[in-house]
Structure formats: structure tokens, C-alpha cells
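In order, the protein sequence lines correspond to chains A and B.
Residue 37 is where the first sequence starts when you use the working numbering, and the numbers rise one by one after that.
Residue 913 is where the second sequence starts when you use the working numbering, and the numbers rise one by one after that.
Derived by calculation from the structure, the hints in this document are not laboratory data.
Keep in mind it's a predicted model, so treat the numbers as computed, not measured.
Check the hints yourself; a few may be wrong.
[Said to hold, decoys possible] What follows is a list of derived Cβ distance ranges for each label pair:
{"id": "1", "chain 1": "B", "residue 1": "His-986", "chain 2": "A", "residue 2": "Val-205", "range": "27 to 37 Å"}
{"id": "2", "chain 1": "A", "residue 1": "Arg-228", "chain 2": "B", "residue 2": "Val-972", "range": "19 to 29 Å"}
{"id": "3", "chain 1": "A", "residue 1": "Asp-245", "chain 2": "B", "residue 2": "Ala-947", "range": "24 to 34 Å"}
{"id": "4", "chain 1": "B", "residue 1": "His-970", "chain 2": "A", "residue 2": "Asp-267", "range": "43 to 53 Å"}
{"id": "5", "chain 1": "B", "residue 1": "Arg-932", "chain 2": "A", "residue 2": "Asn-273", "range": "19 to 29 Å"}
[Claimed, not checked] Some chain A residues flagged as far from chain B (calculated, every beta-carbon gap over 12 Å):
{"id": "6", "residue": "Trp-73"}
{"id": "7", "residue": "Pro-104"}
{"id": "8", "residue": "Asp-107"}
{"id": "9", "residue": "Val-183"}
{"id": "10", "residue": "Glu-200"}
{"id": "11", "residue": "Glu-208"}
{"id": "12", "residue": "Thr-217"}
{"id": "13", "residue": "Ser-238"}
{"id": "14", "residue": "Glu-278"}
[As the list claims (entries may be wrong)] So, partial list: chain A residues that the calculated Cβ filter (under 7 Å) puts toward chain B:
{"id": "15", "residue": "Arg-85"}
{"id": "16", "residue": "Thr-87"}
{"id": "17", "residue": "Pro-131"}
{"id": "18", "residue": "Gly-132"}
{"id": "19", "residue": "Glu-136"}
{"id": "20", "residue": "Ile-141"}
{"id": "21", "residue": "Phe-235"}
{"id": "22", "residue": "Ala-239"}
A virtual CB, placed ideally from N, CA and C, is assigned to each residue, including glycine.
Each chain is listed here by its residues.
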Amino acid sequence: MAGAAIPGRLSWQLGRVVDAIDETSCARSLVLDLPNWPGHRAGQHVDIRLTADDGYQAQRGYSIASAPEDDGVMLTVDRLEGGEVSPYLTDVVRPGDELELRGPIGGYFVWEASLPGPLLLISGGSGIVPLRAMLRHWAAARAPVAVRMVHSARSLDDVIYRDELMRLVAFEEVDLRITLTRAWPDNWRGHRGRVDRDFLESAAWPPQDHPRIYVCGPTGFVEAAAAALVDSGQQPNTIKTERFGPTGG
Amino acid sequence: MTYVLDGNAIAGDLFAVYGREMTAVVGRCRKCGTASAVAELCVYPRAPGTVVRCPSCHAVVMVLVTIGDDCHVHVPALELEQ
Numbered sequence: 037m038a039g040a041a042i043p044g045r046l047s048w049q050l051g052r053v054v055d056a057i058d059e060t061s062c063a064r065s066l067v068l069d070l071p072n073w074p075g076h077r078a079g080q081h082v083d084i085r086l087t088a089d090d091g092y093q094a095q096r097g098y099s100i101a102s103a104p105e106d107d108g109v110m111l112t113v114d115r116l117e118g119g120e121v122s123p124y125l126t127d128v129v130r131p132g133d134e135l136e137l138r139g140p141i142g143g144y145f146v147w148e149a150s151l152p153g154p155l156l157l158i159s160g161g162s163g164i165v166p167l168r169a170m171l172r173h174w175a176a177a178r179a180p181v182a183v184r185m186v187h188s189a190r191s192l193d194d195v196i197y198r199d200e201l202m203r204l205v206a207f208e209e210v211d212l213r214i215t216l217t218r219a220w221p222d223n224w225r226g227h228r229g230r231v232d233r234d235f236l237e238s239a240a241w242p243p244q245d246h247p248r249i250y251v252c253g254p255t256g257f258v259e260a261a262a263a264a265l266v267d268s269g270q271q272p273n274t275i276k277t278e279r280f281g282p283t284g285g
Numbered sequence: 913m914t915y916v917l918d919g920n921a922i923a924g925d926l927f928a929v930y931g932r933e934m935t936a937v938v939g940r941c942r943k944c945g946t947a948s949a950v951a952e953l954c955v956y957p958r959a960p961g962t963v964v965r966c967p968s969c970h971a972v973v974m975v976l977v978t979i980g981d982d983c984h985v986h987v988p989a990l991e992l993e994q
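Only chain A is shown next, with the shape it has when bound in the complex (with noise of 0.2 Å):
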């Protein structure tokens, strides 16, 4: 079975960047302004395509940070150092520029409000930005189950989106937890160390109460995430991942 690309199903557009966040020391935000932009859902992501004056390209996929509800489509991007697209993205591209991209994508890591079951996201790093999606959905569409996110960052200076969090957990309905790696202040009275079973079977529902999980960040992180959540009893058809990695950046 092969195939080649069918023109026009899902087609390059340029999108003006209206507003860039700096959100971390190597986070930013792009919001964009996409006229030929269908609607997205909650999870989904953008390939984006820079060209070179020599003509070689180089693409990625980005998340998409914003709900469905909201104004733009807002990116979110973490610098990898010596990385071909993402130090572009954040450190380059000023509020005017266009960028080539296509999207929305994916069908798979996708969360709707009207789904059952409470909500279970867990992240590390920049793996919280499609989650942050699912978040927005889920209160701005007001939807009637709980959630909680556990999330994983180097330091509480690489938490991104750390002070819409904090605004976030004055819902009754949303717990947060947050596990810092390496750094964390003197008085940090949040779990230490990487997400493991322990911690995980702390902040997940038990499985009779068939949660939704949805794991994003770096492959490691996820593929421990996955089996600890296993491990613990969560059903494998629960457990909806993605990864990410250094794949040029």
C-alpha cells in the first residue's frame, strides 16, 4: 500500500503572529492570527515549515496551547538548544512576521468536554502545552467532571503557564500538583523527584472510577508515566499518550 499527497485535504496557510509571551527563560508563546483557521480541538497540533533563501526546508509540530473557545491560535514553543525551527520561533520571530504552517492535526490525543469521566492530564516539561488546551476547554465549556493535573518541571521557574495555574486551582474541581526535578525553594512544600508510581497512584482516581488520562512530555517521561499508571491498575485503553523529543528542533 503507498500513496502520495492528495493537494488541497490539508494545505499549507500563513498565519500572522500577533502577540509572542516570553513564558519561561526558553518558553514563548506565539499567538497567531490564521484567516483560513477551521477550529481545532483540544490536544491537536500545527506542522510548521520554515524555508531557507537556499530553498531546504525544515518542519515540526507544534501544540496548540489555546482552547477552541479562545481568540487566535497560540502556540507555545521551548528552545532546543543548536534545534533548527524552535530557537527561531522563540528568540527570532517578532509580533508581524508570517509563518508557514498547516494544521489542525491529530485525532487521537484529543479531549472534548463531553467526554466522561473526570480528567486526569499529566505532563512534563512542555508537554503541558496541549494539556493546557484541554484545560481551557474544560472551563470554558464549564464541562461537569473533575480534573487533576499532575505536572513535572525542572524548577518552579520552568513551570510554564505557572501563574494561570495558580489562578486555575481556585476551581473547586481542579487539583494540581506539581513535582519539581532539580531546584525547588526552601520552602516548597510540593512533591520532589520525578513522577513515579507512588506519586501518580496518589493524584490519579482509582480505576473503577474510569478516569481519561492524558500523558504528554518527552519520551522517557512519558513511557515512565505510562507503565507506572499501568502498574498501579489504570487500564491501558485509559491511558492516551504523546511524545515528544529532540528531533532537530
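Got chain A sorted already, so can you dock chain B onto it with the hints?
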């Protein structure tokens, strides 16, 4: 160093080739019979072309090569559900 991702990473290329969303489609490995969503397949993006393997037996089930604007997909060992 070998980096392994998952089928979410090839969602855009597969959409462009098949004309529809493919990551939630289930495929059965012809070598070992394991059924997985395309999103759950192992993706090695740094091979010559992108190599996609069965998460269970690691058989090569799909290979993607992009030349210019055209992405070509070879599917030697995956039975995709319609």
C-alpha cells in the same frame, strides 16, 4: 543517539497522504498481529526517512519519505482499519 517518538509526530504527513485524520485509526501489525492506534506506533524520525515500528514486536510497519512538497508512504506490514 536514537530518538523514538510516537505516531502523533507523523499526523500531518499522514493526513496529507490519506486525506483524513489517521492517528486514531487502528492498524494491525502483519508480523505479530498487535492492534494499535497509529498514534501508539513507535516513530524513529532520524532514520533515512521516518521509520515506524510496531510497539510490540518492533517490525517495520511503515516508512515515510518527504521529497519537496510530496510525502510518500510505504506500508509494508500494517493492516489499517477502514
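Status of each hint after checking the structure:
1. Taken as a hint, the range 27 to 37 Å is violated for the pair His-986 of chain B and Val-205 of chain A, whose Cβ atoms sit roughly 48 Å apart.
2. Between Arg-228 of chain A and Val-972 of chain B the CB atoms are about 41 Å apart, so this pair departs from the stated range of 19 to 29 Å.
3. Between Asp-245 of chain A and Ala-947 of chain B the beta carbon distance is about 26 Å. The supplied range of 24 to 34 Å therefore holds.
4. A hinted range of 43 to 53 Å is violated for the C-beta pair His-970 of chain B and Asp-267 of chain A, which are about 22 Å apart.
5. At about 22 Å, the beta-carbon gap between Arg-932 of chain B and Asn-273 of chain A stays in the expected band of 19 to 29 Å.
6. Residue-level check passed: Trp-73 of chain A sits 15 Å from the nearest beta carbon of chain B, beyond 12 Å.
7. Even its closest Cβ contact with chain B, about 16 Å, leaves Pro-104 of chain A beyond 12 Å, as expected for a residue assigned away from the interface.
8. The non-interface label for Asp-107 of chain A is consistent with chain B: the shortest C-beta to C-beta separation is roughly 24 Å, beyond 12 Å.
9. Every Cβ of chain B is farther than 12 Å from the Cβ of Val-183 of chain A; the closest lies at roughly 22 Å, confirming the non-interface assignment.
10. With a least CB separation of 24 Å from chain B, Glu-200 of chain A remains clear of the 12 Å interface cut-off, as annotated.
11. At roughly 32 Å from the closest C-beta of chain B, the C-beta of Glu-208 of chain A stays outside 12 Å, upholding its exclusion from the interface.
12. For Thr-217 of chain A, the requirement that its beta carbon stay farther than 12 Å from each beta carbon of chain B is met, with the minimum near 20 Å.
13. Once the 12 Å rule is applied to beta carbons, Ser-238 of chain A is consistent with being away from chain B; the minimum gap is 27 Å.
14. Not every beta carbon of chain B lies more than 12 Å from that of Glu-278 of chain A, the smallest distance being close to 5 Å; the non-interface claim is violated.
15. For the restraint placing Arg-85 of chain A at the interface with chain B, the shortest Cβ-Cβ distance is roughly 10 Å, beyond the 7 Å limit, so the hint is violated.
16. The criterion of a C-beta within 7 Å of any C-beta in chain B is not met by Thr-87 of chain A, whose closest approach is roughly 11 Å, and the hint is violated.
17. Because the smallest distance between the Cβ of Pro-131 of chain A and any Cβ of chain B comes to about 25 Å, over 7 Å, the interface hint for this residue is violated.
18. The interface hint given for Gly-132 of chain A is broken, as the beta carbon of that residue sits about 26 Å from the closest beta carbon of chain B, more than 7 Å.
19. Interface restraint check: Glu-136 of chain A against chain B, minimum CB-CB distance 12 Å, threshold 7 Å, status violated.
20. For Ile-141 of chain A, the shortest C-beta to C-beta distance to chain B is roughly 4 Å, which falls under 7 Å, so the interface hint holds.
21. Violation of the interface hint for Phe-235 of chain A is found here, the shortest Cβ-Cβ separation to chain B being roughly 23 Å, above the 7 Å cut-off.
22. Hint status for Ala-239 of chain A: violated, given a least beta-carbon distance of 23 Å to chain B, over 7 Å.
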